[in-house]
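Protein chains: 4
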Amino acid sequence: MKKGKWNAITDVPNVKVGHVTLDEELPNEGAIRTGVTAILPHAGNLFEQKVPAASFILNGFGKTVGLIQVDELGVLESPIMLTNTFSVAQVLQGTLDYMLAQNKTIADTTSSLNIVVGECNDSYLNSMREMKVQAHHAIEAIQQAATGPIEQGAVGAGKGMICYEVKAGIGSSSRIVSYESTTYTVGVLTLTNFGKAAECKINDWLQKNGYNQYEAIFPTREEVEKPDGSVMIIVATDAPVNERQLKRFAKRAAIGLGRTGTSVHNGSGDIIIAFSNGYTIPHSADDTTISPALLRDDHPIMNDLFLAIVEATEEAVYQSLLHAETTTGRQGRVIEKCILEKK
Amino acid sequence: MKKGKWNAITDVPNVKVGHVTLDEELPNEGAIRTGVTAILPHAGNLFEQKVPAASFILNGFGKTVGLIQVDELGVLESPIMLTNTFSVAQVLQGTLDYMLAQNKTIADTTSSLNIVVGECNDSYLNSMREMKVQAHHAIEAIQQAATGPIEQGAVGAGKGMICYEVKAGIGSSSRIVSYESTTYTVGVLTLTNFGKAAECKINDWLQKNGYNQYEAIFPTREEVEKPDGSVMIIVATDAPVNERQLKRFAKRAAIGLGRTGTSVHNGSGDIIIAFSNGYTIPHSADDTTISPALLRDDHPIMNDLFLAIVEATEEAVYQSLLHAETTTGRQGRVIEKCILEKK
Amino acid sequence: MKKGKWNAITDVPNVKVGHVTLDEELPNEGAIRTGVTAILPHAGNLFEQKVPAASFILNGFGKTVGLIQVDELGVLESPIMLTNTFSVAQVLQGTLDYMLAQNKTIADTTSSLNIVVGECNDSYLNSMREMKVQAHHAIEAIQQAATGPIEQGAVGAGKGMICYEVKAGIGSSSRIVSYESTTYTVGVLTLTNFGKAAECKINDWLQKNGYNQYEAIFPTREEVEKPDGSVMIIVATDAPVNERQLKRFAKRAAIGLGRTGTSVHNGSGDIIIAFSNGYTIPHSADDTTISPALLRDDHPIMNDLFLAIVEATEEAVYQSLLHAETTTGRQGRVIEKCILEKK
Amino acid sequence: MKKGKWNAITDVPNVKVGHVTLDEELPNEGAIRTGVTAILPHAGNLFEQKVPAASFILNGFGKTVGLIQVDELGVLESPIMLTNTFSVAQVLQGTLDYMLAQNKTIADTTSSLNIVVGECNDSYLNSMREMKVQAHHAIEAIQQAATGPIEQGAVGAGKGMICYEVKAGIGSSSRIVSYESTTYTVGVLTLTNFGKAAECKINDWLQKNGYNQYEAIFPTREEVEKPDGSVMIIVATDAPVNERQLKRFAKRAAIGLGRTGTSVHNGSGDIIIAFSNGYTIPHSADDTTISPALLRDDHPIMNDLFLAIVEATEEAVYQSLLHAETTTGRQGRVIEKCILEKK
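Protein chains in written order, with the numbering used here: chain A, 1 to 343; chain B, 1 to 343; chain C, 1 to 343; chain D, 1 to 343.
Hints were generated in silico from the structure; no laboratory data involved. It is possible that some hints are incorrect.
One copy or two, it doesn't matter: identical chains are merged, so the pair holds either way.
Once the Cα atoms are required to be at most 25 angstroms apart in a straight line, the calculated BS3-like pairs of lysine-lysine come out as [what the hints assert, rightly or not]:
| no. | residue 1 | residue 2 |
| --- | --- | --- |
| 1 | Lys2 | Lys132 |
| 2 | Lys104 | Lys226 |
| 3 | Lys201 | Lys3 |
| 4 | Lys247 | Lys2 |
| 5 | Lys247 | Lys104 |
| 6 | Lys16 | Lys343 |
| 7 | Lys16 | Lys208 |
| 8 | Lys2 | Lys208 |
| 9 | Lys3 | Lys208 |
| 10 | Lys201 | Lys226 |
Here the structure is a predicted model, which means the values were calculated and not measured.
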């Protein structure tokens with residue numbers, strides 16, 4: 001399947017991504033290796049122009065905030081924020097501050113606001129108990145969000161993350177699906193922090209996906225002794241689908257994740273959030289109804305979209321590995337990157 | 001059905017409740033009328049001794065934090081915290097601070113921690129955008145939690161809440177069920193912030209529940225123009241049931257809520273969390289298995305427990321009205337209490 | 001709230017209802033007291049013109065067929081059939097026969113077909129193990145389905161049902177909601193087979209709903225010793241809503257059910273199915289998209305629809321009692337009707 | 001991971017499998033290529049000794065019967081039956097007949113009975129509209145069920161099924177997990193009827209799983225023009241886990257399915273049912289409680305069980321291909337098997 005220009009979630013028109021990375025040494029072998037990543041479904045006011053959204057919980061050992069309302073109303077009305085497990089509160093606070101500053105009527109003359117924050121546990125490398133992420137970091141991540149190519153690997157919320165026992169973090173990929181004159185884009189962004197090296201199927205993937213002269217070399221080391229990690233998967237599309245269809249999309253991302261080798265460990269929070277910016281739903285309107293043109297479930301392009309999501313999710317996980325740099329964290333712990341070597 | 005000694009959630013042995021109330025005037029007719037309420041399933045270390053738990057989302061227009069993991073693992077490992085919609089982040093932060101101080105190994109040598117925070121929107125009376133609740137208020141609410149009778153009405157998280165257009169907030173009730181030599185207690189605590197006066201069935205309830213010489217008088221006033229409110233319902237029991245059975249309990253609380261008259265408005269976050277402290281699940285153990293004695297679904301006492309939950313939820317909503325005091329909030333807005341008058 | 005012309009589910013334009021009743025004596029004190037009820041969302045070909053639909057399982061001790069696909073695709077493509085627990089197979093078979101005869105391409109050149117059959121256990125009065133309902137009875141119920149007033153009480157699938165320990169069965173009610181020039185109808189049909197007499201709140205309802213000179217008298221008898229029963233609730237509307245919104249509707253029906261007094265017993269299959277015929281979704285089409293005009297969630301009429309569903313469900317349950325006739329069943333068992341007596 | 005003796009679901013002690021296959025020519029190029037498969041969780045009376053069970057719907061374009069009650073009560077009380085889409089009614093009827101004959105008190109002095117029937121659409125090869133499966137075929141499948149090696153491929157419910165455009169049907173596999181002195185078995189049985197040849201990853205699997213001198217050759221032909229198919233996956237284990245944990249197991253089977261290459265097409269009913277026979281739950285008992293010893297979620301063996309399910313599901317799909325024989329069906333349609341050729 002064809003990829004978008006940047007092979008990133010930002011190939012979906014109007015989607016923006018921003019990172020803030022914290023990198024700081026602390027006394028007593030402490031280290032801050034963490035950050036915040038913001039995904040904006042479009043460039044406008046998200047509260048005023050909501051987008052359809054849904055989620056799927058593959059394994060709920062996670063602390064993602066905001067999905068109850070997404071499930072009830074089928075819409076997203078804030079950026080999707082990613083960070084470490086213990087910084088959810090600060091990122092929630094900062095995003096709330098940002099949105100309230102932008103929307104003076106919220107909780108004054110109109111209703112309240114629902115914010116979505118996802119997380120993974122980066123405490124192997126990062127002194128997560130120190131909670132150095134502050135509310136303003138969330139605001140900065142939103143402000144820095146941009147269209148175009150995105151930084152991947154050990155950056156933003158991905159700074160301290162580990163996947164398949166090598167350094168990972170943010171990965172992204174995209175696919176273009178076309179049918180006659182209709183073209184849609186699917187983009188996936190993953191925050192990867194799960195799995196054992198022995199499970200990883202990256203070399204199979206390299207073989208079949210244009211890198212067959214390369215091999216991914218995993219560092220020889222003892223198994224990383226850490227609790228099972230997690231993964232956040234954000235699926236974006238401009239295909240005009242509704243919240244039910246987006247839940248179907250989210251389930252296909254789980255299939256793509258599974259292809260990379262994981263059997264979804266007990267302690268893993270594997271959570272998928274899918275949205276479309278193919279149309280928006282105004283916060284308030286004089287109209288009684290809205291009439292989005294929704295893709296038919298049985299249109300052939302639907303199965304293409306499903307495949308696009310599987311492929312883009314699978315690749316996004318691998319891109320998080322391929323972009324990451326070896327990182328030294330707290331207690332002098334080193335997590336090496338996997339190296340792509342010519343065979 | 002028989003009630004417990006305090007007719008409160010604290011009739012379930014070992015359950016503790018604590019409130020912190022914020023009451024402050026601000027410039028420009030602003031006013032802080034809000035707070036935090038903590039419900040502790042038992043007096044021990046909740047992370048070390050988790051309790052089985054489940055939730056039911058009757059209407060998901062709400063921002064409750066922490067239910068994804070409760071759903072996956074079937075356990076609660078923190079206090080249940082209640083506050084206003086925009087203070088979820090601070091209460092999450094404070095509760096995290098408290099739990100981390102108590103458990104030094106979390107996110108160092110053991111896994112991370114899941115905290116549950118529920119909320120309602122008190123922005124009609126409270127200058128909610130000012131976000132005056134701080135992390136330390138959450139800690140104080142936990143520290144002040146006690147067994148015994150509990151303060152109800154316009155207190156803690158209930159300080160600024162409005163139900164059926166009169167002052168409300170925290171309400172609680174309990175029931176005792178017995179079968180032969182077996183006795184269990186059900187306790188319910190509600191944070192009430194929903195409904196229109198015309199819907200309320202309190203007078204029917206008074207008539208049939210020992211107050212038939214009284215009538216609840218609702219103040220004559222225009223309809224309160226505010227967004228649809230919400231309700232948080234916490235169901236506690238010492239009956240030894242598992243997470244699936246607790247979800248059944250949570251659904252019965254929805255039936256009890258419905259009996260008070262609401263048709264569950266669009267903008268309402270109506271969320272029920274149920275736990276049992278009839279047994280605990282240790283965070284770590286050398287054992288391969290756990291063997292709690294679980295109540296059979298078809299035991300006659302199960303239907304009694306269902307009825308107990310319906311009744312206690314219904315009464316808890318009314319108790320939140322009956323205990324509340326007339327409250328003046330921001331912009332000089334006054335929400336009167338409903339008055340119990342002798343007929 | 002205003003009721004429709006027939007105070008029945010058939011007040012929703014184009015909805016049709018048909019009954020087949022089986023009433024037969026068997027040797028050894030056996031008796032057939034059962035039947036089939038068909039609800040057709042519209043008069044056309046339901047496979048070719050599907051309707052949006054959703055369900056809510058209040059208590060899943062039931063054997064309803066077909067909801068998995070309704071949940072996935074958000075549409076209903078067959079009549080909704082009701083019968084006794086052990087006749088689900090025959091009714092499924094008959095409905096399939098009917099639909100296949102009508103649609104020659106199913107499972108030949110096009111996809112297969114999903115049929116919805118709900119049930120309650122009428123084995124107290126009916127020799128349910130004899131399974132006298134045959135496939136052709138289902139076809140006849142569909143063929144006899146008509147718009148206009150509907151027969152209620154001990155008829156069709158309701159022939160042998162018992163609610164609140166008195167004779168019940170089929171009950172229906174409707175409400176009209178209007179906002180400016182917009183008018184929608186909500187209709188509910190219930191198959192009632194649950195509850196203990198002591199729980200029933202019909203007299204409160206009579207008092208407040210125009211029958212205040214009447215009292216429902218429940219026969220003096222011992223408690224009916226039977227397993228917990230069930231209830232099927234079908235919610236129809238012409239309001240143009242989608243599958244997510246219909247799930248919200250289904251939850252409000254649970255609130256209406258709860259108002260009648262039940263605490264939803266362990267052994268009860270309490271299942272709600274909601275559909276809209278405000279628009280249809282063609283089985284196949286050349287178009288890539290469909291564009292139904294969908295009611296906004298925050299439109300004031302939405303809360304009116306919620307209330308309409310609560311009220312119509314509550315009344316439909318009572319109508320099933322008020323229309324039923326005293327019935328003698330197997331082993332000479334008699335279930336009396338409740339009598340409306342002038343006070 | 002180690003496999004069981006038969007590499008089949010019957011490696012889980014006491015699990016039994018039985019097939020009835022229908023193979024008959026009809027006039028006008030019609031052909032019956034279908035059947036029934038029965039999976040019995042143990043050799044005893046399943047109604048009297050229920051087993052814990054759960055399901056996960058990966059894609060709900062399917063007509064499986066019985067999962068609502070499994071979800072509510074967490075138990076299975078009948079065999080799991082598999083057949084074609086339009087024979088669900090007859091198989092439901094036959095299984096009901098069988099169970100009623102075995103249990104005289106059902107629906108007389110005790111409650112009713114929940115039966116689980118899954119299906120896939122075999123209408124490409126089978127004249128499914130003719131509905132030749134009769135109730136007695138279901139009874140025969142149950143009666144023929146046995147422990148030990150099981151017949152796979154184009155047999156029983158798998159007779160007419162097609163997977164990845166080659167002949168498939170029933171496939172099974174098992175894994176043994178051990179930790180210190182504890183040993184559990186996981187067995188999976190699949191009814192496969194989905195996917196496009198181009199998606200299938202069987203050759204990657206052969207390469208890594210001891211068949212690296214072989215290659216699976218897919219017949220050269222035009223794409224099979226048929227609606228998207230489905231898959232039923234049955235996961236059995238003797239590990240003592242509860243219904244919540246079994247839902248986690250079911251989700252891992254979805255990961256295993258995804259590994260075989262499918263992106264889970266729109267029209268596919270991909271449904272997973274998991275049960276444990278590590279303990280049973282008696283239908284009736286004088287005891288107030290039950291006390292099964294349940295595996296801790298965080299025990300290391302849990303992740304091994306997850307992996308075992310992923311691997312066994314993946315292999316079971318492939319075994320359904322490897323065991324199947326080329327089959328000619330209605331309208332002279334031929335579906336060839338894929339051939340394992342020495343490289």
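Hint-by-hint comparison with the structure:
Taking CA atoms no more than 25 angstroms apart as the test, Lys2 paired with Lys132 passes in neither setting, with 40 angstroms inside one copy and 46 angstroms between copies. For a Cα distance limit of 25 angstroms, the shortest separation of Lys104 from Lys226 across copies, 16 angstroms, qualifies, whereas the shortest one inside one copy, 44 angstroms, does not. Taking the shortest alpha-carbon separations for Lys201 and Lys3, both the intra-copy value of 21 angstroms and the inter-copy value of 22 angstroms come in at or below 25 angstroms. For the homomeric pair Lys247 and Lys2, the shortest alpha-carbon distance inside one copy (24 angstroms) is at most 25 angstroms, but the shortest distance between copies (36 angstroms) is not.
Taking the shortest Cα distances, Lys247 and Lys104 never come within 25 angstroms of each other, neither inside one copy (32 angstroms) nor across copies (32 angstroms). Proximity of Lys16 and Lys343 under a CA criterion of 25 angstroms is satisfied in neither setting, with 37 angstroms inside one chain copy and 49 angstroms between copies. For the homomeric pair Lys16 and Lys208, neither the shortest alpha-carbon distance inside one copy (30 angstroms) nor that between copies (40 angstroms) is at most 25 angstroms. Within a single copy, Lys2 and Lys208 get their C-alpha atoms as close as 15 angstroms, which meets the 25 angstroms cut-off; across copies the closest is 29 angstroms, which misses it.
Taking the shortest Cα distances, Lys3 and Lys208 sit within 25 angstroms of each other inside one copy (15 angstroms), while across copies they are farther apart (29 angstroms). Proximity of Lys201 and Lys226 under a CA criterion of 25 angstroms is satisfied intra-copy only: 21 angstroms inside one chain copy versus 32 angstroms between copies.
Hints 1, 5, 6, 7, counting from the list given before, are not met by this structure.
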